[in-house]
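Participant: What follows is each chain in one-letter form.
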Amino acid sequence: VTALTEALADATVVICVGPGGVGKTTVSAALGLGLAARGRRVAVVTIDPARRLADALGLDRLENHPTRVGAQTLDAAGIELRGELWAMMLDAKRTFDELVETLAPDARTRDEILANRVYQELSTAVGGSQEYTAMAKLHELVTQDRFDVIVLDTAPSRNTIDFLETPERLLGFLEGRAAHALLAPGAFGARVAGTGTGVALTLLRRVTGVDLLDDVQAFLHATSGLMGAFGDRARAVRALLSAPGTRSVLVTAPRTACDREVAALAGRLTEAGMAIGGVVVNRVHPLASGDDDPIAVASRLEATLGASLAGQVARRHAELQQLARRDGQALERLAARMAGVPLATVADTAGDVHDLRALLAISEQLLSRAGAATSAPAQE
Amino acid sequence: VLSAPSHYARVAHGGAVQRQAAAVAATLRDPRHTAIVLVATPEELAVNETIDLQRALADDLGMTIERVVVNRVLPAPFADAEAAALQAAPADPAIASALWLHRAASAQQRQLTRLRAAVGAVPLRTLALRFDGLDGADALRAIAESL
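Protein sequences, first through last, are from chains P and G. Quick note: the first sequence uses my numbering, first residue 1, plus one each step. Quick note: the second sequence uses my numbering, first residue 1001, plus one each step.
Among the hints, a few may not be true.
Restricting the straight-line Cα-Cα distance to at most 25 angstroms, the calculated cross-link-like pairs of lysine to any residue (SDA-like) are [said to hold, decoys possible]:
#1 LYS93(P) to SER1006(G)
#2 LYS93(P) to ALA1009(G)
#3 LYS93(P) to ASP1059(G)
#4 LYS93(P) to ALA1056(G)
#5 LYS93(P) to ARG1055(G)
#6 LYS93(P) to GLN144(P)
#7 LYS93(P) to GLY39(P)
Quick caveat, the hints were computed from the structure, so don't treat them as lab data.
All chains, full assembly: derive it from the sequences and hints.
Facilitator: Put into structure tokens, the structure is as follows:
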């Protein structure tokens, strides 16, 4: 099996996917740092609204465009990068607005769209807009040609991959009959007025009080000049996802169903034509060598620690070993199910990752050629 | 999900949809009908999300949080003197494990403290992590008991 580092050697886009709460943002940042240390110009695009990543990277805040991690910060952490590390946090609303600004044929159309109620709902709604804008931003960064690799952190996904479907969904809508009907010359309202549908709609509006249809129609009219450009953009993004330099990295934690979750995600990605760079299992509990029978451990340590503390230590040791063994079983199931795919494990850091050195340690586990083995906890 | 009725009530200008949505929103806001229990794990991301969620529910939707449950809490960290004694002791895999869990539990306690401060007067309960990973009926009964 090749190591993750080889699988990502010629990657130009790395997309980290996986469920929430497995440390995807940290893994994305560590991958970015590791690739930058190996000489590449890297931009990490995160969606994590916490300040943690900005703090760890020594940046005041993350903007909606890449900011470079400064030489001073790197020097202070004793880290030398042969390449460059840039980071940004995706602002969905901002990116959407910028896209409209870029694609609108004139200022009037732009203002009309930005002020439209449906547009405002669409661009701020949590579901969908984040995925679409992440893709739009990715496309923007790739076409700028300022970076060798873009590492994209995505919204949590257990078995569906919304960002893969978003460009297609948008295309389907733009090219679909509903949009055409609403956009047809003479307009929907006028055409159906007097017909049964028109009467029914008018009645529906009066009874329900919902006149959303008018807003949708106004939105579609305002955006009709952009439809072609939006469609082209969606197609370009779709092509980018299955481009030769694009790799997905599936991030998970060693829990019971992780093998099935990862396999399901991998299936969806492969179906969509995306290459799989590897699987990262984050937060693996350290397995110690030697005896873990609490009675034996307690009696071994009694002379040094006293009976009470030795007993507690023996219990903690047995508990951690229990977690580590369960992790080991989950890893075995995962390795069996994902045979042939590069697999990297990252030891649980027993707390939050707060600085560049901690990120670098993770990146070494991710990108070391041997693949990181689960090791005993370091005694501090 | 909880904000959907209010959204509908705002989008509709009068009529049956508006009345229905407003009634559903009112039921969700009424603590006699609806109890909101926030569930978190003692990790930074989960605590951030819980704090944001509590603010959104309370400030934007006018809902009352009944309680907060924090799941998968590790055994309490060692007292300072004990931790110091363990750090000074000769290298041993069991001591390394104990110190590892001590660090992890200390990080959890920091997040719990942050969460407690944020939720203020809302009762907060913790559930211990099950090292054996069991999640059958017995485990459920034990959790129900401690809640």
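Participant: Confirm or reject each hint.
Facilitator: Going down the list of hints, with the structure as the test:
Our distance criterion of 25 angstroms between C-alpha atoms is met by LYS93(P) and SER1006(G), whose separation comes to about 22 angstroms. Using a Cα cut-off of 25 angstroms, the hinted pair LYS93(P) and ALA1009(G) holds, with the two alpha carbons roughly 24 angstroms apart. Between LYS93(P) and ASP1059(G) the CA atoms are separated by roughly 22 angstroms; this keeps the pair inside 25 angstroms, and the hint holds. Between LYS93(P) and ALA1056(G), the direct Cα distance comes to roughly 19 angstroms. Compliance with the 25 angstroms bound is thereby established for this hinted pair.
Our distance criterion of 25 angstroms between C-alpha atoms is met by LYS93(P) and ARG1055(G), whose separation comes to about 21 angstroms. Restraint check for LYS93(P) and GLN144(P): the C-alpha separation of about 21 angstroms stays at or below 25 angstroms, so the hint holds. As the CA atoms of LYS93(P) and GLY39(P) are separated by approximately 33 angstroms, the hinted pair breaks the 25 angstroms bound.
This entry does not satisfy hint 7, going by the numbered hints stated previously; all others are met.
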